[in-house]
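Trainee: Please model the complete structure; the sequences and the hints are all you need to start from.
Residue numbering for the sequence shown is -5 to 340, as defined by the working numbering.
These are computed hints drawn from the structure, not numbers from a lab.
Just so you know, not all the hints are guaranteed correct.
Unchecked claim - Straight-line Cα separation of at most 30 Å, DSSO-like style, residue types lysine-lysine; simulated pairs: (1) Lys121 <-> Lys280; (2) Lys277 <-> Lys211; (3) Lys279 <-> Lys53; (4) Lys92 <-> Lys42; (5) Lys289 <-> Lys42; (6) Lys53 <-> Lys289; (7) Lys215 <-> Lys205; (8) Lys340 <-> Lys113; (9) Lys337 <-> Lys121; (10) Lys340 <-> Lys284; (11) Lys53 <-> Lys215.
All values derive from a computational prediction rather than experimental measurement.
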Amino acid sequence: MTKTIILLFLTLIGLSSNAQSTQELLGFDFEGVKLSGILNFPRDKEPKGIVLIVHGDGKTNAVAGNWWYDVRNAIAKAGYATFMWDKTGCGNSEGTYKNGRPVESEALEVIAAINNLKKSKIKGSHKIGLWGISRAGWINPIVIDKFNDIDFWISVSGVDDDETFKYLLEQNLRINGHPKDSINLMVNEWHNGILLSRGGASYKYYLSTTKNLQNNKFWQKITNGGINEKSYYEYQKVLQNSTLDKETELPLYVENFDQILSRIDIPVLALFGEADMTVDWKKTKKLYEKTLESKTDLTVELFPNCNHNMWQCSTGGIYELQDDNKDYVRCDGFLDLITNWLKELK
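Mentor: Structure below.
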């Protein structure tokens, strides 16, 4: 899809009767590549500020796909503009997408976006807020810590300080009917695979020590048939450059994360789905309450029967999350809460 067609498509959406905002494309440079983004402005009013939409893990097609349209609309209802962009090598953004990118690099990308908004004197850039889901729960605190001029943070399905995949694997195997001893076996194989890979084990040896995991249908589903040799060695480099938590022996993507959170002193809205089977929301909630409550205006809201992406659900598992035949309905009150919380900000 060409940029002209995308612009026409987005313009038509922005002018629809239900839209709370108008839209325009805006790119910015980061580490020598041009990233493609989109601005939304509230209709017929000066924006109170700009909320940056920070994505979770994986590739994006956010601009062309009009991702998070209802969330951006809810933010516009509160009088704020939004800015969202595609990651490097995704959508119309230049460069090459890389798995295992350091969280610190993604935080610097967000800061580059903020600096561009301010340098370009975009309306609302005097007041910057962050909205982010999942992995953005690591990215945004680093941005707040480094930039020192962020006014508020909305964390959706945020992560704690541990590698999140262990929880995802355990919960989804349970949902799919595996007995506890089988779950423990496969989780142990996965964990041992991380330690072996980090220690320099060959791909062949890795496969030989994770046979039960490799033959599991859920594992094959979420890895698109299993981890191939190229992906294994790419991830091995990431693991070898990461630090392991002394207690869990799992990779730490943000060292001293609790200390970073403890330095945050701006209003924070934390939203969790109680059926989130992707990240351990209970651990994150406890971490936020431990580190943020004493210095911030922290608001925590829970949504029953809602999954990681804040859709109503039955199980919250990956199979349901990826069901193309499912009717996706937002968690009851999720969008209104964002609007109302923003309206009450000073």
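Trainee: Now tell me, hint by hint, if it's right for this structure.
Mentor: Okay, the hints, checked on the actual structure:
no.: 1; hint: Lys121 <-> Lys280; in the structure: holds, 29 Å
no.: 2; hint: Lys277 <-> Lys211; in the structure: holds, 28 Å
no.: 3; hint: Lys279 <-> Lys53; in the structure: holds, 27 Å
no.: 4; hint: Lys92 <-> Lys42; in the structure: violated, 35 Å
no.: 5; hint: Lys289 <-> Lys42; in the structure: holds, 24 Å
no.: 6; hint: Lys53 <-> Lys289; in the structure: violated, 35 Å
no.: 7; hint: Lys215 <-> Lys205; in the structure: holds, 15 Å
no.: 8; hint: Lys340 <-> Lys113; in the structure: holds, 24 Å
no.: 9; hint: Lys337 <-> Lys121; in the structure: holds, 14 Å
no.: 10; hint: Lys340 <-> Lys284; in the structure: holds, 25 Å
no.: 11; hint: Lys53 <-> Lys215; in the structure: holds, 18 Å
Violated hints for the displayed structure, listed by number in ascending order: 4 and 6.
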